[in-house]
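Colleague: Chains as they are written, first to last, in my numbering: chain A, 1 to 285; chain B, 1 to 307; chain C, 1 to 309; chain D, 1 to 285; chain E, 1 to 285.
Just so you know, these hints were derived from the structure itself, not from any lab.
None of the values given here were measured: they were computed from a predicted structure.
No residue lacks a Cβ here, since even glycine has one placed at the ideal position from N, Cα and C.
Be a bit skeptical, because a hint or two may be false.
Each computed EDC-like pair below joins lysine to aspartate or glutamate, with the alpha-carbon atoms no more than 20 Å apart [as the list claims (entries may be wrong)]:
#1 Lys269/E - Glu263/D
#2 Lys3/B - Asp43/B
#3 Lys25/B - Asp205/B
#4 Lys102/C - Glu94/B
#5 Lys3/B - Glu247/B
#6 Lys58/C - Asp269/B
#7 Lys269/D - Asp45/E
#8 Lys159/E - Glu263/D
#9 Lys160/D - Asp45/E
#10 Lys155/E - Asp45/D
#11 Lys102/C - Glu247/B
#12 Lys220/B - Glu256/B
#13 Lys58/C - Glu36/B
#14 Lys125/D - Glu179/A
#15 Lys106/B - Asp148/A
#16 Lys58/C - Asp24/B
#17 Lys159/D - Asp260/E
#18 Lys248/B - Glu76/C
Listed next, the stretches of chain A that the computed footprint assigns to chain D, with coverage defined by at least 3 CB atoms under 8 Å from CB atoms of chain D [unchecked claim]:
#19 168-181
#20 214-220
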Amino acid sequence: MSVFLLAVLFWLAAWAFNEWLVRRQPESRTQARLIGIVVPLIFGATLLVLWEGAVRGFEVPFVLLPPPSAIWDRLINSLPILWADFRQTFLKAVLAGYVLGCGSGFLVAILIDRSPFLQRGLLPLGNFVSALPVIGVAPIMVMWFGFDWPSKAAVVIIMTFFPMLVNTVQGLTAASAMERDLMRTYAAGYWQTLFKLRLPAAGPFIFNALKINSTLALIGAIVAEFFGTPIVGMGFRISTEVGRMNIDMVWAEIAVAALAGSVFYGVVALVERAATFWHPSIRGG
Amino acid sequence: ADKLTLQLKWVTQAQFAGYYVAQDKGFYEEEDLDVEIKPGGPDIAPPQVLAGGGADVIIDWMPAALATREKGVALVNVAQPFKSSGMMLVCRKETGIESPEDFKGKTLGVWFFGNEYPFLSWMSHLGLPTDGGEEGVTVLKQGFNVDPLIQKQADCISTMTYNEYWQVIDAGFEPDDLVVFKYEDQGVATLEDGIYVLEDNLKDDAFVDRLTRFVRASMKGWKWAEENPDEAAMIVLDNDASGAQTEKHQKRMMGEIAKLTAGSNGALDPADYERTVKTLLEGGSDPVITKEPEGAWTHMITDKALQ
Amino acid sequence: MVAVDPVANLPTARPTLGARLVGGKTVPILTVVVALVALWYAFAVYLNAPWQLDRYAKSEREWTAAELVRDTLNQERPVLPSPHQVMAEIWKTTVDVRPTSKRSLVYHGWVTLSSTLLGFAIGTALGILLAVGIVHNRAMDKSVMPWVIASQTIPILAIAPMIIVVLNAIGLSGILPKALISTYLSFFPVVVGMVKGLRSPEAIQLDLMRTYSAGAGQVFWKLRWPSALPYLFTSMQVAVAISLVGAIVGEMPTGAVAGLGARLLAGSYYGQTVQIWAALFAAAAIAAVLVMAVGFAHGLVLKRMGMAR
Amino acid sequence: MRNSSAAIRGQATAGDGAGLPADAGAGARSVVEAKGLGLTFQTGDGPVRALADVDLSIGRGEFVSFIGPSGCGKTTFLRVIADLEQPTAGSITVNGMTPQEARRRRAYGYVFQAPALYPWRTIEKNIALPLEIMGIGRAEQQERIDRVLDLVDLKGFGKKFPWQLSGGMQQRASIARALAFDADLLLMDEPFGALDEIVRDHLNEQLLKLWERTTKTICFVTHSIPEAVYLSTKIVVMSPRPGRVTDIIDSTLPKERPLDIRESPEFLKIAHRVREGLRAGHSYE
Amino acid sequence: MRNSSAAIRGQATAGDGAGLPADAGAGARSVVEAKGLGLTFQTGDGPVRALADVDLSIGRGEFVSFIGPSGCGKTTFLRVIADLEQPTAGSITVNGMTPQEARRRRAYGYVFQAPALYPWRTIEKNIALPLEIMGIGRAEQQERIDRVLDLVDLKGFGKKFPWQLSGGMQQRASIARALAFDADLLLMDEPFGALDEIVRDHLNEQLLKLWERTTKTICFVTHSIPEAVYLSTKIVVMSPRPGRVTDIIDSTLPKERPLDIRESPEFLKIAHRVREGLRAGHSYE
Ligand SMILES: Nc1ncnc2c1ncn2[C@@H]1O[C@H](COP(=O)(O)OP(=O)(O)OP(=O)(O)O)[C@@H](O)[C@H]1O
Ligand SMILES: Nc1ncnc2c1ncn2[C@@H]1O[C@H](COP(=O)(O)OP(=O)(O)OP(=O)(O)O)[C@@H](O)[C@H]1O
Ligand SMILES: Cc1ncc(C[n+]2csc(CCO)c2C)c(N)n1
Ligand SMILES: [Mg+2]
Ligand SMILES: [Mg+2]
């Protein structure tokens with residue numbers, strides 16, 4: 001119990017320290033960047049300390065929730081397995097599915113936009129795809145595309161398709177009336193208006209979808225592996241090791257997923273910064 | 001009435017008919033018990049539920065239970081209604097597999113989630129690596145159903161005598177199209193569907209008393225089910241909240257289950273236990289358990305219950 | 001009147017009767033549906049044919065193309081069930097049985113829907129709250145956002161069973177654990193969208209507020225919130241859909257007792273493809289209705305705000 | 001005070017007509033021809049009549065200024081010419097075609113009342129926009145950009161983004177954009193509203209020179225009476241809600257106009273007439 | 001031509017000072033006091049010096065016009081007073097306080113160069129915005145709204161949305177918004193730029209009346225020399241990049257100013273001086 005209280009104390013102290021850090025006027029760019037990195041790290045560290053404290057303080061059974069220290073132990077001792085799983089799930093299924101899913105969501109949005117007929121006919125049906133639940137779709141995909149990663153990629157495609165579709169459709173209406181009128185005065189064709197005005201204006205929405213999808217894709221691929229897979233992959237490992245009561249391994253795998261997902265998201269966010277630099281939310285509003 | 005929660009290993013089906021019968025026929029009530037039966041499902045690990053306090057008693061397979069015991073969750077087998085194993089590996093005949101020697105280079109579907117231990121032990125018995133190399137077998141994590149065999153994605157798949165095998169047959173296969181390897185026949189059978197509790201709880205007399213009554217009533221249920229398989233199946237059907245089970249399938253399953261429970265009065269046969277442990281210990285380079293377990297079973301409950 | 005039609009450059013048809021039919025939703029939807037169904041039948045034949053041919057070969061039977069098509073479309077365990085099989089199943093499980101029966105899709109749909117809505121409501125509220133914190137507090141922006149992102153990379157669906165066990169261990173049971181899984185999934189799109197939306201006001205609009213020395217609350221309610229609404233609704237459309245996925249997945253570990261998730265699972269367990277597809281359709285239909293409801297609310301709000309031109 | 005607009009209709013005024021290319025017929029000579037033009041907006045709380053009964057004919061090579069109280073429909077009229085708004089009564093032709101056809105043929109350049117620059121493009125790129133759409137080569141684009149940037153005195157700001165410029169600079173950038181794209185008909189909606197007198201004089205001169213050199217027709221909305229008189233061959237005075245043409249004044253000033261023509265009695269006489277026409281439309285006094 | 005601004009600093013000009021309330025000290029009397037003020041923007045391609053070395057003192061009750069070429073820093077200077085921009089050199093006080101404190105006390109009303117109306121609010125609601133923020137009761141809000149709508153001649157447009165108004169009407173709505181909220185210091189950035197001469201004259205008169213009636217201090221950016229001369233007690237002429245004060249002209253016109261004062265020799269003399277000062281800052285000729 002006292003372990004837990006100590007952890008809480010640590011948390012409060014770290015929080016205060018963070019508050020102090022972010023209120024400082026950074027003297028230089030590097031210092032500002034450093035603060036930007038240190039603050040979330042401290043926050044994360046306090047979460048871990050709280051976790052460790054809670055698990056030890058309340059004597060939570062190991063098979064329910066292992067402490068971070070045990071997970072770390074397991075992590076560094078299982079790097080080869082973790083790497084193999086990562087390659088199978090992330091580098092193959094997630095990336096392929098993400099690219100194809102976002103791409104097809106985007107293309108269908110354009111298609112829908114291009115033809116008012118389809119807009120009225122296809123969009124309501126697009127909503128249909130939105131919630132095809134993984135657990136329903138995954139077995140079907142295994143049936144169609146086999147046990148290996150293509151079936152997982154297919155699940156990822158289905159999961160990422162809809163957020164992209166909705167956001168792109170909404171984004172394509174984001175250009176203001178006057179901006180559009182300008183294009184009309186040039187008698188710009190559909191595609192010119194699209195590429196020179198409406199897509200740039202839709203940028204913030206599209207990146208929204210890309211960000212949401214970066215985490216959805218990972219979840220989708222992992223869950224899809226519950227429904228048949230060769231005996232490698234992050235989802236395979238998680239479900240197998242739960243059954244074997246190796247919960248520390250499960251969390252080690254989750255840690256890898258979290259790291260990969262965060263980096264993935266971070267990369268998308270960086271690209272967003274560069275591509276939609278003009279939007280008030282990035283210019284600093 | 002005393003409350004007691006039972007966590008099943010899998011969804012509501014005739015595999016657990018004894019417990020549903022005991023509840024439905026009032027056997028638990030007669031013992032002054034108020035039993036809640038929690039169906040399981042894929043990814044529900046009964047030992048975890050037990051450790052988390054979500055259940056007092058669980059149904060599990062012995063290999064998984066022993067492995068869990070090594071992980072620090074002290075499971076103890078207090079009763080064993082299933083005498084024999086229902087596990088089989090079913091292969092399509094056209095793959096040319098006739099005996100275990102032919103497995104080399106083939107693709108086999110296996111259940112994981114703690115159900116893979118019997119299979120792994122068997123393979124190490126045969127000296128077949130399971131890493132997908134030339135010299136060994138390629139293993140697929142098989143989903144819930146028999147599709148991999150039907151779709152020819154796997155050469156053989158795991159089945160239970162009482163369930164998946166019949167699904168293969170229902171899918172249009174003739175028994176002649178199939179080659180079946182029963183774990184029992186291969187000498188690698190391990191005990192299935194036992195009743196387990198936490199070791200610490202056995203020190204509590206009140207709990208032991210409740211447990212005794214539970215086992216007694218449950219065995220009564222099982223014996224009733226063995227004698228009235230069709231009615232038992234209907235009871236199971238009534239308890240299936242998903243509304244997905246069919247009468248034909250459950251009746252057939254009950255028939256097969258009765259063959260597995262036959263010969264058990266509920267008390268664990270130490271010989272069966274020894275055989276299971278031996279099989280598991282022989283798991284080659286990566287055995288399921290590393291040392292002979294101690295205190296993993298007891299007759300304390302069954303002795304009292306079956307007086 | 002002002003030209004804001006996204007396809008303003010296309011020749012605008014005069015509203016004749018035919019055009020009005022085409023201009024409405026009925027004809028387009030019907031056309032697309034018919035096209036999809038045709039495609040579906042074609043695929044069903046293609047995907048189910050190998051097994052059927054196998055059958056014919058085994059029974060050494062002569063067959064014609066018409067027979068093949070008929071048989072592939074009416075298998076008991078098809079790889080891809082044909083539309084009429086799925087429709088028949090849906091009909092059987094919705095109309096032919098009492099809605100309260102365990103065999104009724106209506107019953108299972110309701111079980112799923114209720115935890116979806118609860119989870120969605122909590123998730124949206126949580127997402128908005130977090131976004132507000134992130135936009136207003138630098139410490140939160142810097143420290144929480146990265147972890148919100150990391151939280152989503154935890155495959156919650158994968159550990160949903162564990163979560164439920166843990167929640168049960170601390171005394172939460174019933175609909176709430178399932179709803180919490182929906183919440184966990186659905187709050188994220190809301191956070192991402194709302195952070196963007198709350199930051200979308202133009203500099204000059206914020207400057208105006210500064211000149212009034214408006215408090216943070218006033219800036220929020222009078223400027224940031226209205227500007228963020230388009231982002232909020234778009235995010236909510238995504239969130240409600242994911243929420244349903246979460247609810248369905250959450251049903252697996254509750255012992256697959258009831259709900260569309262249980263239905264899907266039972267379907268896969270017994271290789272009942274038709275049943276799977278029926279449940280899938282029910283889920284998709286619920287999703288479509290929910291998404292459209294959110295979209296409809298969006299339209300209403302925009303209209304009230306005078307922004308729908 | 002109020003001229004019968006019917007009297008003016010069809011009349012082929014074109015300044016003193018110097019240097020105009022001989023054209024096929026009188027019909028082709030008239031660039032804009034409006035007859036009984038009316039436009040009513042449907043708004044939430046009832047219809048707003050923006051234009052009513054406008055009869056107007058603008059010949060090739062004319063410089064027509066529109067002047068009238070705020071909200072009287074000047075912008076609306078320009079937008080009708082540009083096919084950005086559909087009239088609800090009467091008829092209008094542009095170059096003898098419907099406005100839509102004319103727009104399709106890129107008959108005009110339009111300077112909006114607000115700058116309408118795209119925030120994701122630098123000033124240079126904003127000016128290049130119509131040129132890109134019309135498929136003009138890179139080298140020529142650059143040349144034109146340099147020329148017009150120089151013309152509006154924004155040299156050195158080509159690489160800046162719109163939000164980094166002052167209001168007047170943005171306005172000038174949007175003028176530059178319309179000039180870069182060399183249309184025969186220029187529609188300018190208060191282009192010099194945000195500029196100081198000196199720049200304005202300068203740009204007035206430049207615009208006159210440009211107009212003299214080429215055979216452009218210019219429709220020019222302004223609020224400055226001297227500006228209208230100085231620039232135009234024809235001044236259209238409008239009355240408020242619903243916008244009607246109350247006076248059409250043909251300028252008697254010579255085509256050659258030094259800045260100090262603004263002190264000539266001729267000039268002051270016209271200016272007085274415009275002012276009177278304008279005042280009649282107002283409710284004050 | 002260039003006055004030494006140092007000579008002017010501290011001098012407590014206030015027109016002919018008629019009817020000003022006696023104030024505690026000279027410090028309190030000076031509403032804006034800038035010393036050596038400078039502001040440099042950091043942009044992607046190097047710094048832009050918007051203001052340099054501005055020394056200026058504005059007394060209570062003064063009407064100060066700022067005039068200068070486009071992009072010279074007028075807006076920037078107003079924004080510094082309003083605490084919307086932080087100076088990078090020198091110092092400035094508003095009512096003897098830092099601009100921030102002054103802003104917190106709602107010391108001023110600001111009319112932006114662009115209308116900055118919120119698109120989701122009707123005109124009435126836009127005008128009500130500052131009143132809501134300051135917690136003024138419903139009934140009084142409505143009364144004030146009606147009054148200012150009348151003042152800017154927008155009666156009957158209160159229920160319209162901004163995009164349903166013409167450019168000039170939007171501009172007037174934004175003036176009305178600033179007037180509804182009754183601050184002692186008014187900062188107006190080209191408020192009448194988009195209005196025709198008649199309305200402009202009318203509003204000029206109204207503004208003068210308002211200023212005479214109350215003891216408001218007004219900072220007024222304009223591009224119109226006559227407007228500046230007609231309205232001001234002090235005219236600040238600025239030079240372009242970096243914006244410096246090149247001339248400060250104290251008006252010798254009487255406080256009572258009928259419109260035809262604009263033909264008086266006195267008036268023309270001042271206007272001439274302003275024009276010269278302005279011209280010096282331009283590169284033409
Ligand atoms: N989209 C619209 N919806 C409804 N009413 C509109 C719309 N656009 C303009 N109006 C109305 O039409 C009338 C004319 O507007 P217009 O913009 O043509 O005026 P204007 O002469 O250009 O004025 P200004 O000099 O102020 O720019 C105004 O009363 C305005 O309220
Ligand atoms: N946010 C900014 N970033 C970079 N440069 C800026 C920014 N705002 C203004 N500038 C620069 O500062 C200078 C002064 O701008 P300011 O808006 O004060 O001019 P102004 O006198 O108001 O001009 P106008 O009469 O055209 O409105 C300009 O050169 C402009 O490019
Ligand atoms: C994910 C998954 N895990 C395990 C099993 C196997 N299983 C556990 S209990 C039981 C009894 C048979 O009815 C069976 C087969 C499965 N099918 N799917
Ligand atoms: Mg206008
Ligand atoms: Mg300015």
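Colleague: Work down the list of hints and note, for each, if the structure agrees.
Modeller: Evaluated hints:
1. Only pairs whose Cα atoms come within 20 Å are accepted, and Lys269/E paired with Glu263/D is accepted, the gap being roughly 16 Å.
2. Simply put, Lys3/B and Asp43/B have alpha-carbon atoms about 26 Å apart, too far for the 20 Å limit, and the pair is violated.
3. Between Lys25/B and Asp205/B, the direct Cα distance comes to roughly 27 Å. Violation of the 20 Å bound is thereby established for this hinted pair.
4. For a cut-off of 20 Å, the pair hint linking Lys102/C to Glu94/B is broken: about 41 Å separates their Cα positions.
5. For a cut-off of 20 Å, the pair hint linking Lys3/B to Glu247/B is broken: about 31 Å separates their Cα positions.
6. Between Lys58/C and Asp269/B, the direct Cα distance comes to roughly 46 Å. Violation of the 20 Å bound is thereby established for this hinted pair.
7. Of the supplied pair hints, the one linking Lys269/D and Asp45/E is violated, its CA atoms being roughly 51 Å apart against a limit of 20 Å.
8. Restraint check: the Cα-Cα separation between Lys159/E and Glu263/D comes to about 45 Å, which exceeds 20 Å; the hinted pair is violated.
9. Between Lys160/D and Asp45/E the alpha-carbon distance is near 8 Å, which keeps this suggested pair within the 20 Å criterion.
10. Under the criterion of a C-alpha separation no larger than 20 Å, the hint pairing Lys155/E with Asp45/D is consistent with the structure, at around 14 Å.
11. With a C-alpha separation of about 14 Å, the suggested pairing of Lys102/C with Glu247/B holds against the 20 Å cut-off.
12. Restraint check for Lys220/B and Glu256/B: the C-alpha separation of about 18 Å stays at or below 20 Å, so the hint holds.
13. Taking the CA atoms of Lys58/C and Glu36/B, the gap is about 49 Å. The hint is violated against a cut of 20 Å.
14. Our distance criterion of 20 Å between C-alpha atoms is met by Lys125/D and Glu179/A, whose separation comes to about 15 Å.
15. The straight-line distance between the Cα atoms of Lys106/B and Asp148/A is roughly 16 Å, inside the 20 Å bound, and the hint therefore holds.
16. Annotation: proposed proximity of Lys58/C to Asp24/B is violated, straight-line Cα distance about 45 Å (limit 20 Å).
17. Annotation: proposed proximity of Lys159/D to Asp260/E is violated, straight-line Cα distance about 46 Å (limit 20 Å).
18. For the proposed pair Lys248/B and Glu76/C, the alpha carbon gap of about 15 Å is at most 20 Å, so the pair holds.
19. Counting residues of the region 168-181 of chain A whose beta carbon lies closer than 8 Å to any beta carbon of chain D gives 3, which meets the minimum of three for the stated coverage.
20. Counting residues of the region 214-220 of chain A whose C-beta lies closer than 8 Å to any C-beta of chain D gives 0; at least three are required, and the coverage claim is violated.
The structure shown violates the earlier hints numbered 2, 3, 4, 5, 6, 7, 8, 13, 16, 17, 20.
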